[in-house]
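Chemist: Residues per chain, in single letters:
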Amino acid sequence: MKKDGTLHKYQRLKTNLKNRKPFLRFLGLFLFLAVGLFPLSLVEANDLDSALRGLGNKSRAKLKVAVKRLGDIGNPAALPALVALKNKRLQVSEDGALIIIDESGDHGHDALSGKQVDIKSLDLSKPRINNSVRRVLSVAIGKIQLTSDDPEVRLGAARELLKRPSSDLVVLVEKSLNEESDDKVREIFFLVLAKEGLNSDDKEKRLQSLEVIAKYGNNDFKTDLEALVDKNEKGEYLENDPEIRKTASKAISSLERRQFFINQAANFFYGLSLGSILLLAALGLAITFGLMGVINMAHGEMLMIGAYSTFVVQNIFKEYLPEFFDWYLIPAIPIAFTVSAVIGIILERTIIRHLYGRPLETLLATWGISLVLIQSIRLIFGAQNVEVANPYYLSGGVEVMNGVVFPYSRIVIIIFVVFVVAAVWALLQKTSLGLQVRAVTQNREMASCMGISTHKVDMYTFGLGSGVAGLGGLALSQIGNVGPELGQLYIVDSFMVVVLGGVGKIVGTVAGALGLGFINKFLEPVAGAVLGKIMVLVIVIVLIQKRPQGLFALKGRMADN
Amino acid sequence: MIKKIATLHSFKGWILTFILLGIALVLLPLLNLLVPEESVLHVPDYIFSLLGKYLCYALVALAVDLIWGYTGILSLGHGVFFSMGGYAMGMYLMRSIGKEGVYKSDLPDFMVFLDWKELPWYWYGFDYFAFTLLVILILPGLFAFTFGYFAFRSRIKGVYFAIITQAMTYALMLLFFRNNTGFGGNNGLTDFKRILGYSLHEPSTKVGLYIITIIVLFLSYLLSRYVVRSKLGRILTAIRDAESRVMFSGYNTLHYKLFVWTLSAFLCGIAGALYVPQVGIINPSEMQPSNSIEMAIWVAVGGRGTLSGALIGAGLVNGAKSWFTVAAPDYWLYFLGTLFIVLTLFFPKGLVGFFSRFSSKDKMREPS
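Protein sequence lines correspond, in order, to chains A and B. With positions in the first sequence counted from 1, the corresponding number in the working numbering is that position plus 206. With positions in the second sequence counted from 1, the corresponding number in the working numbering is that position plus 577.
What the hints contain is simulated information worked out from the structure, not anything from laboratory work. Keep in mind the model is a prediction, meaning the values are calculated, not measured. Keep in mind that the hints are not guaranteed to be accurate.
Computed, partial: chain A to chain B, Cβ under 8 Å [to be verified]: (1) Leu566; (2) Glu567; (3) Trp573; (4) Gly574; (5) Leu577; (6) Val578; (7) Gln648; (8) Phe701; (9) Met702; (10) Lys739; (11) Leu743; (12) Ile745; (13) Ile750.
Using N, Cα and C, we set each Cβ at its ideal position, and we do this for glycine too.
Bound-form chain A, shown alone:
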């Protein structure tokens, strides 16, 4: 399903962020230092240079010494060379110069001078490293990173250390803890020490460690803690000290409590996000259904058209205005709206207009329209999904708590939906067109008698509904795949929203959409995605038993139709 796809996208994004940014930073830092700081600290630089040169050594023992020394010097300038050595991208030329090959493998630069070199003209050999060299290397890299000036780099190193503890570095962590000012890094440092402290002989230290873990830890610690309260096959506790066992089980339950809270927060957020998307998809549907009594089966295709409009705008920017590429979404908003609205109006004028009073046949005719639209998009853009890129300000996310990322794109979409709903509400409540729309919704004949051109109102309303769906497509393009079947994925859910929320009132649609979003997301972890969907359907049917016209049905005379 789509949602899983987007989830993966985030996880990928997250890891990309983690991996790439520090590396780029090292590189920037390195160039900065290489160009600016070298003359200032010539002595240190000489020391660094000689140690760096040692990396080209054929003998592993000498190589290790050089690596160790670089770690002790702690100069971030050595990082690129060390990382390159670890990743087997450091090579030695015949005259002993160290060349760092970049990730593509086509270009290289001198590790000392930073000058670009033509790697094809040189006869290069790789220093041979084994596991013992690698161990030394990791320690040296960790040391430099832990003492780095950039808190992000320190955070990354600390996290790495938490995953793969190394006793050499723990000593360093203990030392740098006092100087650490960044709270997040401190937290991780505490955890690193606590993890180490669990295995110490000092009971007091172990208890302290457990408390730290209970306070800051995440689920990764659970296995460590469970080992403390487990019994072996004979039924004896693995851990002899009852006090440790008690504290450990307390820590476990505190971790579980926190995890539960985190999960609920994540469910809430993703439910809100799904609900807001459903709201965009269903809002137009509910308005047109309320007004004209027709269900537009091609409504999902308006979402798709909005998404493809965004795709086209993106491509135009890529082609003609690459320097403003990151801002393509701004003009895409009116364009997606207009394209969908115009297509909606054309459909209303040519087809749907002639089917008034025959709701079931409108259903079939609009289904036919949706088939034609889907096939047209397939012939124009191909049957495959197309790529719509997130601009930089929508990629990434806020890590609210350990392991829970709220992507910026979803947050922005929620805000966007609030604006759209507010705008539609204002349009319906505060403008004369809105007044006419409401009048026609309540009583078509009477409104017509009062001089309202119901045909025009129908046309504008249909355009508005389709346009809002187009905006929904734009939003969807930022968090999921864009393909010809995009609309089909959401259409059943948006129908459910309309059925649940009733017609004629925006508040009903809002409640229906958010309700469905929350129910879906909170049921998913308990029942699984599919059973969750089925339960949602059952819930909707049961609710309809109580309120056949939807949760927020119009009351009184209007309910007659």
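Got chain A sorted already, so can you dock chain B onto it with the hints?
Modeler: For chain B alone, coordinates are given in the frame of chain A:
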């Protein structure tokens, strides 16, 4: 009894019916057996599976016409009942493969593949044809009865009902797509070997199934005809045209709607069961919402509210589909989409309605 049946058609109608039956039951099999293969008149073997498939669709169209054409309730979920019958038959066919599957196990192949050790409880009994037959005849109707009771009781109708049934088929499709549900997941049930001991690959079995399908369709047609011509049928049409007035006249429309809804699902389930051995596969895509909507268009093409129209429509649309998917696959959806639009706009009464404009006989039946 025979007298009653005889009044279902006019004399001319009966003649036409028997001519059609004669062609389908006698002439085609004879042309297959007696005429040499080189001849233009020879009917190849594959025609019977193809025609059998169309006949099953025609039975579905009959069922949809009862509920939509006559009672005015549009269901977008008939694929569910069709699949229920189909899956029941498929389970029997799976069980009768025995140990001849790829893995030489007593369990169906997909269960071995999923590393299941035992047959799930809901597969018990499908070793026996009689049990399977019972399930096919009862389950779709029972499910429809339950669903319909709750839906009709709360007076869900019109587009609401259409949407709810669509959601039902969508949800069940998702359920059957799961491997853990125990019906073969994505791939469904396939690789059948034999039915009641007869190999499904033998032409004679295919012709046999084809003949059975014709007989079932004929009987279902007579049953439907009987229902719609009875007083009950009049009330159904009245419900379609003005449900409130029927209620005010003292009828409990819930009972009538529930009856025709259940009957429709029952026929649809039988169609599914006949479909599976002839096509050789049943999978969750039969429950796609689009499939159920297509069923409605078969009826719309032929003409709602006329049983013969439903049969003709199913044949025409599926014939066109077979032709398009070979000749111009890219344009099939255009054709289907345009068909939906043009029909509803210009030919709301379908082909039968269009042609009966010229003969004044059928003026009685006017779908709203």
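Chemist: It remains to establish, for every hint, whether it holds in the given structure.
Modeler: Hints versus structure:
no., hint, in the structure
1, Leu566, "holds, 5 Å"
2, Glu567, "holds, 4 Å"
3, Trp573, "holds, 5 Å"
4, Gly574, "holds, 3 Å"
5, Leu577, "holds, 3 Å"
6, Val578, "holds, 4 Å"
7, Gln648, "violated, 19 Å"
8, Phe701, "holds, 5 Å"
9, Met702, "holds, 6 Å"
10, Lys739, "holds, 6 Å"
11, Leu743, "holds, 5 Å"
12, Ile745, "violated, 11 Å"
13, Ile750, "holds, 6 Å"
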